[in-house]
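Q: Given these sequences and hints, build the entire structure.
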Amino acid sequence: MWELAVRSLEVSAILLLAALGELIGQRSGVLNVGIEGLMLFGGTVAFMVTQATEQFPLGFAAALATGALLGGAHAFFSITLRGDQVVSGMGLWVLSFGLTTFLGSPYAGPLGLGRIGGLAGLPPFFLFGVLLVAAVWFLLFRTGPGLAIRSAGENPAAALAAGIPVAAIRYVCVVTGGVLGALAGAVYTLSYNPVWNYNFIMGWGFVSLALVFFSMWNPWILLAGASLFGLMWQLSLSPELVLPGILSRYVWRTLPFAITIPILVVISTPWFRARWGLAKPEALGQPDT
Amino acid sequence: MRLGRHEVVLEPRPAPPAGYAVLTAAVAILAALALASALFLSADASPAAAYRAIFSYAFLNPHGLAATVQRSIYLLFCTYAFLVPFRAGLWNIGLPGQVYAGGLAAFAVPLLVWREPTGAPSPALVIGLMVAAAAVAGATTGGIAGILRARFQVNEILVTMMLNSILFWVVAYMVKEGGPFMGATAEGESFTLPAPLRPPLWWGVPFTAVVALGAAALLDLLFARAALGYRIRAFGASPAAARYGGISPAAISLLVFLIGGALAGVAGYHTFAAIPGVHKIPGNYGYYGDLGFYGMISALIARGSALGAIPIAVLFGGLSLGARFAQGALRLPFGVDYALLGLLMMTFIGSHVLHAFRVVWRRRGTAVADAAPTGAPGT
Chain H
1 MWELAVRSLE
11 VSAILLLAAL
21 GELIGQRSGV
31 LNVGIEGLML
41 FGGTVAFMVT
51 QATEQFPLGF
61 AAALATGALL
71 GGAHAFFSIT
81 LRGDQVVSGM
91 GLWVLSFGLT
101 TFLGSPYAGP
111 LGLGRIGGLA
121 GLPPFFLFGV
131 LLVAAVWFLL
141 FRTGPGLAIR
151 SAGENPAAAL
161 AAGIPVAAIR
171 YVCVVTGGVL
181 GALAGAVYTL
191 SYNPVWNYNF
201 IMGWGFVSLA
211 LVFFSMWNPW
221 ILLAGASLFG
231 LMWQLSLSPE
241 LVLPGILSRY
251 VWRTLPFAIT
261 IPILVVISTP
271 WFRARWGLAK
281 PEALGQPDT
Chain R
1001 MRLGRHEVVL
1011 EPRPAPPAGY
1021 AVLTAAVAIL
1031 AALALASALF
1041 LSADASPAAA
1051 YRAIFSYAFL
1061 NPHGLAATVQ
1071 RSIYLLFCTY
1081 AFLVPFRAGL
1091 WNIGLPGQVY
1101 AGGLAAFAVP
1111 LLVWREPTGA
1121 PSPALVIGLM
1131 VAAAAVAGAT
1141 TGGIAGILRA
1151 RFQVNEILVT
1161 MMLNSILFWV
1171 VAYMVKEGGP
1181 FMGATAEGES
1191 FTLPAPLRPP
1201 LWWGVPFTAV
1211 VALGAAALLD
1221 LLFARAALGY
1231 RIRAFGASPA
1241 AARYGGISPA
1251 AISLLVFLIG
1261 GALAGVAGYH
1271 TFAAIPGVHK
1281 IPGNYGYYGD
1291 LGFYGMISAL
1301 IARGSALGAI
1311 PIAVLFGGLS
1321 LGARFAQGAL
1331 RLPFGVDYAL
1341 LGLLMMTFIG
1351 SHVLHAFRVV
1361 WRRRGTAVAD
1371 AAPTGAPGT
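First to last, the protein sequences are chains H and R. Those letters in the first sequence? Residues 1 to 289, by the working numbering. Those letters in the second sequence? Residues 1001 to 1379, by the working numbering.
None of these hints come from the bench; they were simulated from the model. Positions of the beta carbon are idealized from the N, C-alpha and C atoms, including for glycine. Each statement offered as a hint is correct.
Computed spacing ranges between beta-carbons, pair by pair:
{"#": "1", "chain 1": "R", "residue 1": "S1046", "chain 2": "H", "residue 2": "A5", "range": "47 to 55 Å"}
{"#": "2", "chain 1": "H", "residue 1": "L127", "chain 2": "R", "residue 2": "G1277", "range": "48 to 56 Å"}
{"#": "3", "chain 1": "R", "residue 1": "G1183", "chain 2": "H", "residue 2": "L247", "range": "18 to 26 Å"}
{"#": "4", "chain 1": "H", "residue 1": "L247", "chain 2": "R", "residue 2": "T1192", "range": "22 to 30 Å"}
{"#": "5", "chain 1": "R", "residue 1": "G1019", "chain 2": "H", "residue 2": "A158", "range": "37 to 45 Å"}
A: Spelled out as structure tokens, the structure:
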């Protein structure tokens, strides 16, 4: 049971990091539907570099740089060129899916290094994620720069008139989102499951995106959502812990995805939107004037 | 971007010049092929040898050419499945899931109605039922995303992606580890279709080819001439304006996903039940599902034209097959076909920028007149 809890916190950490990056970007008004691509590219580069150098820090550093580059590309297309953010995000995902399949395949298989140790028995990345949640919440809701980020996402024209550099703020937020997405991928390939396989992330990037919508753009709710999903994921991998012998293991694997859909429906109902829908950044997906 | 006293800006093109769509499509494809040379070089293979291997296998070798035709049919159905919702501004990235649903439904039919020794009911009827079941199952899977979008504005990208994962595991359940569709002799794949239920071939091609070409003509006619096509396009161009014009957003969202899903379901029927030498859901069905994303890119590059997508789908069908062949022949790393998919997506976005914007170079301070702010009096 303890092992299950630790593993599920690791899943939560990966989803949390990726989703937190997306939350920051969306708060500034930029939607990135290509988180899956960030995670695939970050995870693959981290795996390649770590296997070649046998140094975890180098692998993580390479992932962060990759994420900054991809985030920068998305920012350039959606902020500077004012392109359609969904087109760019989808492009990011398919590009990463295709290229990482080719780039990673010579490295397919286990990493072959020791596992990254825990802190007091807990996965270090989850603790880092919790600290980051607190930091992001404080930044967004208790500081001047945070107010500037939120105003860029709510009403860029008004923010611009108030002297807030909307484009620059959005760049910083989107690049940060790229870095965190790639870091999440690196945590997957270097710590959670250090065996590279093509398309290893299997939809977690889209789950992270769903978590951001679920969180109502609040980092603390995001933490709760990611924790629950992590537990659900790990249970779906070993259902015998709760319900031995019922249903095929393949049926259990559909569960985390099958539960996500009704949750998305509930948060999209008029009732829910009327009560809590105001949290959505008003200018999400729109270029600044 | 500022350069001294001049600045370079991108201005939206109100109406791209005629023929520009073809030009940008060609540029995107050629640029992706050029970029792929870097991949071949990185794997110590000569790009010229790699392209020769890819193209000669895909389009000159008789086996390769036959496989290219089969794959092109599959990609064409996937292309339409993405294209129809996309004309309404919606993203159907549920192609793999709808393909799996179609494949499963097609294989359920013989299990339910076909009795081996008597050969009744007639094979033609069973084949017809298989196609219909595949279309209905694909439409149902797509329809889930459509109705949730229509009724609750749930993001269709997320729903279709979740359905992909769900259907992936449902197929695993059905064909592996003693699942209901598991083959008698082979572990990890479905039963093979009995010989009478394999569709007849004309010059090696099943009837699905005719369906695919006919669907292209019908779809283009729909969007060019029919009121429904106009409504879909209007909704895609501006949902708010379309609503004001009396077009029901809910009906359009649901309808495009039903049509798209049905087409992807038929793609599933074609690829698992109609291609000679396959006739089963193989253990690596995930590879075929993921190939469906080539449909997404060919619809994007064809800019929503179903007939225009035909040469593109044939090219991509050949490239993805030839790349697999070249992988073996030249000992390239796995995944050249997917890498090409990724590069195409990147160059498509580049060409999209060239298509939608023009680069303007002018002295600073002369910009304003043609870009009057909205809401200014008298405009």
